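*Asks:* Build the full structure now, drawing on both the sequences and the hints.
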Amino acid sequence: DAKTTQPPSMDCAEGRAANLPCNHSTISGNEYVYWYRQIHSQGPQYIIHGLKNNETNEMASLIITEDRKSSTLILPHATLRDTAVYYCIVRPEFGSGNTGKLIFGQGTTLQVKP
Amino acid sequence: KAGVTQTPRYLIKTRGQQVTLSCSPISGHRSVSWYQQTPGQGLQFLFEYFSETQRNKGNFPGRFSGRQFSNSRSEMNVSTLELGDSALYLCASSLTGQGAYEQYFGPGTRLTVT
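Protein chains in written order, with the working numbering: chain P, 1 to 114; chain B, 1001 to 1114.
Be careful, since some hints might not be right.
No more than 25 Å apart at the CA atoms, straight line, and that leaves these computed lysine-lysine pairs for BS3-like [what the hints assert, rightly or not]:
| id | chain 1 | residue 1 | chain 2 | residue 2 |
| --- | --- | --- | --- | --- |
| 1 | B | K1057 | P | K3 |
| 2 | P | K113 | P | K69 |
| 3 | B | K1057 | P | K101 |
By construction, these hints were calculated from the structure, which means they are not laboratory data. Keep in mind it's a predicted model, so treat the numbers as computed, not measured.
*Replies:* What follows is the structure in structure tokens.
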């Protein structure tokens, strides 16, 4: 079972920041938080991941709370092409039972509106 | 660098037949994972291969099998197809499948069983 909880859907106005929350209250010390997104009928796309520090790349920013029980993915200037299902995933860095494996939940469907 | 490629992109089979799907990972990536995506169950992990060995396996029946070749290309096979096997089959590659890795997905093969 997925170890994360996300709202099923969210709307965002084009050009505004999209803030997608994720709850992972049972996260362990060696588990990373990953974000992927899936645009309709395509393969999931890696966005960003982090352990405890905030992370930023060309696509998004990841803010992880100090207790690591929740995080927020921020798309700074959402466009219509950002409409997708966004998945928040936690997985340990090591562990033979998790090699090559991502456990996807239901994700958040983000609708960016003009 | 070329992305993950999957062939064929679409496939229609009849119940009881078998099917083989192919995945070519990103050059240099040695870990290949397979996932099944259906509207009811979402994205589910099938198995992962590394250096021609199955290293991890999800909770699917033995009709689902796979293999990996020395060039890291992978195939998955489904025997005795059932209607419920209709799904989008995705493969993903990563460098090693361990550690804080990023997994890159292909576009998927859409299998329809009639």
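*Asks:* In ascending order, which of the hints set out earlier in this document are inconsistent with the structure?
*Replies:* 2
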